[in-house]
Amino acid sequence: DTAVSQTPKYLVTQMGNDKSIKCEQNLGHDTMYWYKQDSKKFLKIMFSYNNKELIINETVPNRFSPKSPDKAHLNLHINSLELGDSAVYFCASSQVRGASDTQYFGPGTRLTVL
Amino acid sequence: DAKTTQPTSMDCAEGRAANLPCNHSTISGNEYVYWYRQIHSQGPQYIIHGLKNNETNEMASLIITEDRKSSTLILPHATLRDTAVYYCIVRVAGAGNMLTFGGGTRLMVKP
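First to last, the sequence lines map onto chains Z and E. So the first sequence is numbered by our numbering: it starts at 1 and just counts up by one. So the second sequence is numbered by our numbering: it starts at 115 and just counts up by one.
Heads up, some of the hints might be wrong.
When the alpha-carbon atoms are kept at most 25 angstroms apart in a straight line, the in silico DSS-like pairs for lysine-lysine are as follows [to be verified]:
no., chain 1, residue 1, chain 2, residue 2
1, E, Lys117, Z, Lys36
2, E, Lys166, Z, Lys41
3, E, Lys224, Z, Lys44
4, E, Lys166, Z, Lys40
Below, a sample of chain Z positions facing chain E; criterion: calculated Cβ distance under 10 angstroms [what the hints assert, rightly or not]:
no., residue
5, Gln6
6, Lys44
7, Phe47
8, Phe64
9, Lys67
10, Ser86
11, Val88
12, Thr102
13, Gly106
14, Gly108
15, Val113
16, Leu114
Bear in mind the hints are in silico, worked out from the structure with no lab data behind them. Where a beta carbon is used, it is the ideal one built from N, C-alpha and C, also for glycine.
Please build the complete structure, drawing on both the sequences and the hints.
If you want it as structure tokens, here you go:
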């Protein structure tokens, strides 16, 4: 069974379009995240979200917005896509248990903006 | 979170132990050392974490120096499938804190 899943796996779109990437976790975790991995392979946190709080990395443009319909889902909406948004986007989830909050990652969504 | 320094790349022969070092000289008393890896084109995968004692699980061992300024991840019998980028991350555990990834070490396991 897939713990953290993302759809679609690949997304190719034109500049200026609005798109969404979906993420679902079946681990019962209370916190979910979005990370971006650019062409230089650096992984950067974008958002951290649980049912109480959204933490946004200050470098993320406001064209990006996470939306959580329920605890098991955290979707990423991107408005007015730009060439620089091309990257692989990873969703992750975790549950804090004492000192342990291992994050489990999805397989990634490769976004290409033309 | 404290900054970490890792070698850019390492090679290891298949079946031998892979020892991946990490320096974290500015680590704070409440910060843990975490290791994740990313196999090509996949999402990062948790390996192990520790505070000050050495830790071992089914994947690897983590050795942390007494002053906690450095650590070593040990893969006891590396296989070709262990070829990946390994990330050492220092952070306060819990509270859903985000992971800050550095450049990591690209480990190449060779036959």
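Okay, the hints, checked on the actual structure:
| no. | hint | verdict |
| --- | --- | --- |
| 1 | Lys117(E) x Lys36(Z) | holds (20 angstroms) |
| 2 | Lys166(E) x Lys41(Z) | violated (30 angstroms) |
| 3 | Lys224(E) x Lys44(Z) | violated (30 angstroms) |
| 4 | Lys166(E) x Lys40(Z) | violated (33 angstroms) |
| 5 | Gln6 | holds (9 angstroms) |
| 6 | Lys44 | holds (7 angstroms) |
| 7 | Phe47 | holds (9 angstroms) |
| 8 | Phe64 | violated (15 angstroms) |
| 9 | Lys67 | violated (18 angstroms) |
| 10 | Ser86 | violated (16 angstroms) |
| 11 | Val88 | holds (8 angstroms) |
| 12 | Thr102 | holds (5 angstroms) |
| 13 | Gly106 | holds (5 angstroms) |
| 14 | Gly108 | holds (6 angstroms) |
| 15 | Val113 | violated (19 angstroms) |
| 16 | Leu114 | violated (21 angstroms) |
Consistency with the previously given hints fails for numbers 2, 3, 4, 8, 9, 10, 15 and 16, ordered from lowest to highest.
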